[in-house]
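Colleague: What follows is the residue order along each chain.
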Amino acid sequence: MKLNRQFSRLLNGWMILSIGIVLLILFPNISILINFFTQETSNWDHIKTHILPLLIQNTSIIMIFTGFFTIMIGTSLAWLVSAYDFPFKRFFQWGLILPLAIPPYIAAYTYNGMLNYTGVIQTGLRNQFNIQVDQRYFDIMTLPGSIFIFTLFLYPYVYMITRAFLANQSAALIENAKMLGSNSFEIFFRVVMPISRGAIVGGVSLVLLEVLNDYGVVQYFGIPTFSTAIFQTWFGMGDLNAAIKLSATLMFIVFFILIVEKFLRGRKRYSYTAARVRPLTPIRLTGWRAWSVFAYAGIIFALAFLIPVIQLVDWMVLTYDKMIDPVFLSLIFNSLFVALAGAAMIVIFAVIVANFARTQQNWLSKASTRTIILGYSIPGAVIAVGIITVFIQIDELLFGIYEAIGLDPTLILSTSLFMLISAFVIRFLAVGFNAIESGFDKTGIKFSEASRTLGMSMTKTFFKVDVHLIKGAIFSGFILSFIEIMKELPLTLILRPFNFDTLSTKAFQYASDEQIHEASLPSIIIIVLSGIAIYFFHHVVEKEPD
Amino acid sequence: MYIQIKELSFSYGRSQKPIINNFNLEIAKGDIVSILGESGSGKSTILRLICGLETPVCGSISINKQMMSDGRHCILPEKRSIGMMFQDYALFPHMSVADNVQFGLKHKSRKDKRKRVDQVLELVNMSDFRNRYPHELSGGQQQRIALARSLAPEPSLLLMDEPFSNLDADLQIKIRNELRDIIKATGTTSIFVTHDREDARAIADRIITMREGSAYEWDSLCTIDDLTEPALVD
Chain A
32 MKLNRQFSRL LNGWMILSIG IVLLILFPNI SILINFFTQE TSNWDHIKTH
82 ILPLLIQNTS IIMIFTGFFT IMIGTSLAWL VSAYDFPFKR FFQWGLILPL
132 AIPPYIAAYT YNGMLNYTGV IQTGLRNQFN IQVDQRYFDI MTLPGSIFIF
182 TLFLYPYVYM ITRAFLANQS AALIENAKML GSNSFEIFFR VVMPISRGAI
232 VGGVSLVLLE VLNDYGVVQY FGIPTFSTAI FQTWFGMGDL NAAIKLSATL
282 MFIVFFILIV EKFLRGRKRY SYTAARVRPL TPIRLTGWRA WSVFAYAGII
332 FALAFLIPVI QLVDWMVLTY DKMIDPVFLS LIFNSLFVAL AGAAMIVIFA
382 VIVANFARTQ QNWLSKASTR TIILGYSIPG AVIAVGIITV FIQIDELLFG
432 IYEAIGLDPT LILSTSLFML ISAFVIRFLA VGFNAIESGF DKTGIKFSEA
482 SRTLGMSMTK TFFKVDVHLI KGAIFSGFIL SFIEIMKELP LTLILRPFNF
532 DTLSTKAFQY ASDEQIHEAS LPSIIIIVLS GIAIYFFHHV VEKEPD
Chain B
7 MYIQIKELSF SYGRSQKPII NNFNLEIAKG DIVSILGESG SGKSTILRLI
57 CGLETPVCGS ISINKQMMSD GRHCILPEKR SIGMMFQDYA LFPHMSVADN
107 VQFGLKHKSR KDKRKRVDQV LELVNMSDFR NRYPHELSGG QQQRIALARS
157 LAPEPSLLLM DEPFSNLDAD LQIKIRNELR DIIKATGTTS IFVTHDREDA
207 RAIADRIITM REGSAYEWDS LCTIDDLTEP ALVD
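Chains as they are written, first to last, in our numbering: chain A, 32 to 577; chain B, 7 to 240.
Watch out, some of these pointers could steer you wrong.
Below are the EDC-like pairs computed for lysine to aspartate or glutamate, each with C-alpha atoms no more than 16 angstroms apart in a straight line [as the list claims (entries may be wrong)]: (1) K35(B) / D211(B); (2) K117(B) / D105(B); (3) K477(A) / D211(B); (4) K477(A) / E60(B); (5) K502(A) / D472(A); (6) K495(A) / D105(B); (7) K477(A) / D94(B); (8) K495(A) / E480(A); (9) K85(B) / E480(A).
Stretch-level coverage of chain A by chain B, calculated; a stretch enters the list once three of its residues show a Cβ under 8 angstroms from a Cβ in chain B [stated by the list, open to error]: (10) 478-488; (11) 494-504.
What the hints contain is simulated information worked out from the structure, not anything from laboratory work. The C-beta atom is built at its ideal place from N, Cα and C for all residues, glycine as well.
Whole structure, please, built from the sequences with the hints as guidance.
Modeller: The structure is reproduced here in structure tokens:
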């Protein structure tokens, strides 16, 4: 009786919509897991014995080394920036996040363009100094090359999270260690690294999930991994079933990472919520120490942002006049259209679930938020496979209706833009959701409760009160998901309707067709938009007192 | 009795220790009752249960013979017409004073709404501030607006959660006498929660103490410090 009453109290439009949204995210993923256990095809047999070991080997090597190097670079930079003052530190604080504005696939072909035989480095050496280099040392299209790219362009995840942790949490421990006479190196390895473990694990698991999600880098470099194999079995062999099995295997790896993350993070909690947060007071470095720290941060910034951007601008200057034509404008229009539509849907869905979750603290709302976060961990190629199987099934169910309204009973939904946008929503809902949830957290529940006691229903309260109070968070969520969709590659490549190109797919296509100069303009547009968003969120927003 | 609360119990989560345990209370129409208790004694939770922001595990609440909550149904907070004044006032920061006060007025013409807003602003002596925003008011002024906002829809019951906790000590003494006069002038039945004995004595017709989730009653005419052994209600 009690349960029944609780349920009827919960049962309102917000809950029903939230459940609907959560199911939308779950369906494609579940359909993959279920189909993993269906009949094996001969292709799968072949893949399993001849290709899968190689995929697992490559993926593991890339993950282990990228993980190691991003931890080293990200944590050391976070520590230097938090604990010391050195030249241009204020710039580096947020400048070191900027590499995130460059999607790894763009970095991959930019670096290859710089380093190959006709690139600026080798031609410079040949023409100016008459030096012929051994090509082996300048070939970046290798497994180590991909680790280099992933490390440089993904380390900011570790840097960002660790820096936030060190800035707020660590002062007492580190100052104690100093007073006990530890030197800087000891402090870094024996105090900073262990106490920031939670933050580091959080950052590096984001890096690893990005690595698993990547299609552009490994495809361009010709390294077989899960993403490329999923594409190949599907488009090359036309075997959706085998693609599903590969996707499911990849999903198990993702779950494994998430479980390990939870385990590594959850056992000990190194945070002091009870104590008043006191920021770490930085020590001013002078002389060679100051300049060597500056040089370290400067080199990373140059390699991971400045140099590739200068190269792309150089190529853009060579080509922009013949690039800008109606076809290119349509690319911009397409990109803007899918990103705006996707971000709008994400924000609406995120607001619905976040509002439901904060008003009803129960297992259902907890499960809903977990599911949404999960969507962000699933690699693009897997979501693509999942969503296309679901959409084909929906189309088949609707054949009768298509005929009844005078349409050909063909695949309508599963060849439409709607499918692509739904996929974006599934993959990036977490991005918008996190922004909006933190907005709700900041304003708290009291205004909504005040409104309820003044006679407004939950929905009226939402429109009259809540929306006004979380405007900023809604805007943040919108911009962040907009940028993610603009940068996105694998989902767009797989699910776009025939002849539909966006800035990212076209840039990748140009680069793959050895038209590297033509790839620069769309790449620059993507980088500039993402860069503005990063500047805005990490420079402007962080400075605000609240 | 106008308000009847019977055998009310509440806990967060099933296995948790009950915060409210077999709580009983009856209030006559027009009375001001104070619930006095230490922090964590569950006194704020009583208010949240009465206005419907929490659902009780068992027990019943009725106001003016209308059942608000019992074993079978539980009326939503917006349908109860109970006014609540929150501890930190919760004035909507994006609305002016007049909009805040008007917020709870429904089913009225624009003219009537304006009239009612003028009326309650006058009651709390804040007529000159109708176009200000909450952040432009002092703590005491915000408190009066919060009172005006909860009184505007003519609630059948007014709840106040630690109404003086955000005020300076001198202001507190001045305002609590004013508050009693205003509430008595409207004849609104009220329950207010406090940890301060002096507040309770200054305002209330009756004082209830909360201890481990149950209610004990004192006669407010006695000196509270004399009463070490409270008598159990019922």
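Colleague: For each hint, tell me whether it holds in the structure or not.
Modeller: Verification of the hints:
no., hint, in the structure
1, K35(B) / D211(B), "holds (12 angstroms)"
2, K117(B) / D105(B), "holds (14 angstroms)"
3, K477(A) / D211(B), "violated (29 angstroms)"
4, K477(A) / E60(B), "holds (13 angstroms)"
5, K502(A) / D472(A), "holds (13 angstroms)"
6, K495(A) / D105(B), "holds (11 angstroms)"
7, K477(A) / D94(B), "holds (9 angstroms)"
8, K495(A) / E480(A), "holds (13 angstroms)"
9, K85(B) / E480(A), "holds (13 angstroms)"
10, 478-488, "holds (count 10)"
11, 494-504, "holds (count 4)"
Of the numbered hints given earlier, the model fails hint 3 alone.
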